[in-house]
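Chemist: Protein chains in written order, with this note's numbering: chain A, 8 to 183; chain B, 625 to 978.
The hints are simulated quantities; they were obtained by calculation from the structure and are not laboratory data. Treat each hint with caution, since some may be false.
Unchecked claim - Computed beta-carbon distance windows for the label pairs:
(1) 152(A) with 685(B): 29 to 35 Å
(2) 751(B) with 37(A): 27 to 33 Å
(3) 747(B) with 55(A): 34 to 40 Å
(4) 766(B) with 21(A): 34 to 40 Å
(5) 170(A) with 648(B): 45 to 51 Å
(6) 636(B) with 21(A): 53 to 59 Å
(7) 43(A) with 674(B): 19 to 25 Å
(8) 21(A) with 818(B): 53 to 59 Å
(9) 27(A) with 648(B): 49 to 55 Å
Stated by the list, open to error - Anything over 12 Å on all C-beta distances counts as not near chain A; from chain B, calculated:
(10) 660
(11) 661
(12) 683
(13) 695
(14) 726
(15) 727
(16) 740
(17) 809
(18) 829
(19) 925
(20) 934
(21) 938
(22) 941
(23) 943
Claimed, not checked - Examples of chain B residues lying across from chain A (beta carbon under 10 Å, computed):
(24) 653
(25) 658
(26) 664
(27) 665
(28) 805
(29) 836
(30) 940
(31) 942
(32) 946
(33) 947
(34) 950
(35) 955
(36) 959
This one's a predicted model, so the numbers in the text were calculated from it and none came from an experiment. For every residue, glycine included, the Cβ atom is placed at its ideal position computed from N, Cα and C.
Chain by chain, the residues run as shown.
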Amino acid sequence: MQLTNRSKVVTKPEMTFVESLYLPAIFSGLRITIKHLFKKKATLRYPEVTREFAPVYRGMHVLKRDEQGRENCTACGLCAVSCPAEAITMDAAERKAGEENLYREEKYAAKYEINMLRCIFCGLCEEACPKDAIYLTDRIVHSEYTRGEFVFGKDVLVEKVDQRIDISKRKKEYTI
Amino acid sequence: MSVLVFKAILVLVLFLISLGIAAYSTYAERKVAAFLQDRIGPDRAGPFGLLQPIADGVKMFLKEEIIPNVSDKLLFIAGPCIFMLTALMTSAVIPWGKALEFGGQIYNLQVADINIGVLYVLGVVSLGVYGIMIGGWASNNKYALLGAVRASSQMISYELAMGMSVIAVLLMSNGTLSLNDIVASQGTGKLYGFIDISGMNWNVFYQPLGFIIFLVCAFAETNRTPFDLPESESELIGGFHTEYSSMKLGLYLFAEYINMFISSAVIACLFFGGYNFPGIDYLGTVLPHNVVSIISVAALFGKIFFFIFFFMWVRWTIPRFRYDQLMRLGWQVLMPLAIINVLITGAVLTYFGN
């Protein structure tokens, strides 16, 4: 029974004399392969040349600081709530007097941990954050030797004052 | 310098050149494969990856040497040795260029100008079968044995057609078996009797069919794709060298590339005029004799390198034959064609005189 009209009857016709010589087919094959000799190579020499990530690429997280170098995060916990993989945990603390140059608001995250083995890099934490504190960058999560080392704390996640992480591309493309 | 010393130096140089070309053939193979597949290939070791063969060689030497318990130890070691030995021996009769001349003394760039050169090449190449067969048998492994059986039956089958296609060439050059004479005869006379380009009287223009038969047989003899059934890594885990490791495996792989180099040289000598190149007589009148000799060596090596490239080019173009197809091609197509070719050549030569 014919179900669709896409089916084709397969025939195996007798080869003509020229075809049975195989030589024309071999020469056309050789012509095809030699063409590839002069084509542009698909390989990237990786460590020297890196392929550019898409603007929406979601890699390792960063906890941002503002222009004066104060941490944006207020430990509201919205990222942890929104996280479908339950990868984020945090402890909140109150800012002491004299710490105004460290934290932007009165409350801050004393402990902020993301379990990179749990994280599915969905970016919901970034969307949930009301303080522009957490972003997924185009950096790649580095490898570690034990599972415990994949729980990244503030020492890894918070950007250094002198080594700011550029998220302008991501912000422009993605914030509403 | 006596001729003996010169020959000894020539042997050493040939030995080194064979090994060097074999080493860089592995590199070229990987590069050609990569380029034909839009990749780059090895480029990490040295500029353009040129030190890759050295790295591969060091790796081969440093790997653990494993001789299977159930193998026949003596034969297991003898296998790669024989294969390598026969591969290297063939280069002795190939005329590598026009003779050099120093102080009235003439030095032939050929280790041994024996009058049965072609026969010697065919004979030594056939001995190579023993290397594969012994290696495959001594491994005591079913895949190795299958590969060895395939290799020996394939090589013996294709030797017939190969020999037959060479006979037509021998008829062309007054029945001489000396490779030197065959090459020299392609450097004299006019092409088809009227095209007057010196050094272009190549046999391939008279024997295109014989050339194609010989080329196909050369592919089969060197176990290259599309006839690489003895190795066929996708079916036989490497065939006859399944059990080999370390430098013994290296010898097998190396010898295969030397075989490729030598068969390219033989093809160049039998059908493409060997060291002859267009305009060789004219250059002989304006340049000193030894310079022309060196250019002739370069011409031969150019032809050889082209054929080595052709071997690789074909490898990445044509898929492997099925075994019955291989046998049918060898016995039912190439053999009769070669015999007909001999008959036609003989008839034409008899009719037109020489």
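Chemist: Which of the stated hints cannot be reconciled with the structure, identified by number in ascending sequence?
Modeler: 3, 8, 9, 10, 11, 20, 21, 22, 23, 24, 28, 32, 33, 34, 35 and 36
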